[in-house]
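Q: So you can see what is in the structure, the chains are spelled out below.
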Amino acid sequence: AQTVTQSQPEMSVQEAETVTLSCTYDTSENNYYLFWYKQPPSRQMILVIRQEAYKQQNATENRFSVNFQKAAKSFSLKISDSQLGDTAMYFCALIDGNEKLTFGTGTRLTIIP
Amino acid sequence: SQTIHQWPATLVQPVGSPLSLECTVEGTSNPNLYWYRQAAGRGLQLLFYSVGIGQISSEVPQNLSASRPQDRQFILSSKKLLLSDSGFYLCAWSEYAGRILTQHFGDGTRLSIL
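Chain order of the listed sequences is A and B.
So in my numbering, the last spot in the first sequence is 113, and the numbers never skip.
So in my numbering, the last spot in the second sequence is 114, and the numbers never skip.
Just chain A, same shape as in the assembly (with noise of 0.2 Å):
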């Protein structure tokens, strides 16, 4: 069964800083997907970014960038110029052959004004 790890619970950074977001993940499929989704306090879950496991390069979208390490089963994500519209729970989601999506734990991130 696959999972997903995101090992930061919180974070915090002040407004228009970098952060990044930690997430690892386990499956036994060659042939997978990688996403970031953001809730914010509204609960709403919005898709960030998503990446194929093909595919070496990294998944950009505006200010949203992911650094996935195949090898090492990582998938974090960078946000520049942090807003404070970006203030939400992040999380990590994973899905394979069986097109169900895993999700992790989340980390709930706080940008300081």
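A couple of the hints might just be wrong.
[Unchecked claim] The calculated lysine-lysine pairs, modelled on DSS-like cross-linking and capped at a C-alpha distance of 30 Å, are:
#: 1; chain 1: A; residue 1: 100; chain 2: A; residue 2: 70
#: 2; chain 1: A; residue 1: 100; chain 2: B; residue 2: 80
#: 3; chain 1: B; residue 1: 79; chain 2: A; residue 2: 100
#: 4; chain 1: A; residue 1: 100; chain 2: A; residue 2: 78
[Stated by the list, open to error] Derived, one-sided and incomplete: chain A residues facing chain B with beta-carbon distance under 8 Å:
#: 5; residue: 32
#: 6; residue: 52
#: 7; residue: 53
#: 8; residue: 99
#: 9; residue: 101
Treat the hints as calculated values from the structure; they're not laboratory data.
C-beta: ideal position from N, C-alpha, C; glycine also.
Using the hints provided, position chain B relative to the given structure of chain A.
A: Below, chain B alone, put in the same frame as chain A:
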């Protein structure tokens, strides 16, 4: 464009009462549909998923059940709620964006059992 609707947004129910949460998707056909539960301060736990009308897979034995009476409708039910059923319930649907199967979530239902 596709949208997902989930209601009600909040619900307070007494122990032992029945439950019906509804989720509908618009703008797509034959989507995979999912029900998740999120306990306070925790990650998401997959409860049920469906690949078509009348096809339901249960991930965790529990007090809840799911049904899919129509292609884009997914219902979460219980005959008698327990205190442990409290939580935040999210419905989701999935699509292939290129090669990636991606799930999109509704706004959720906060369920409190008294």
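Q: If you check each hint against the structure, which ones fail?
A: Checked against the structure, the hints that fail are numbers 5 and 7, while the rest are satisfied.
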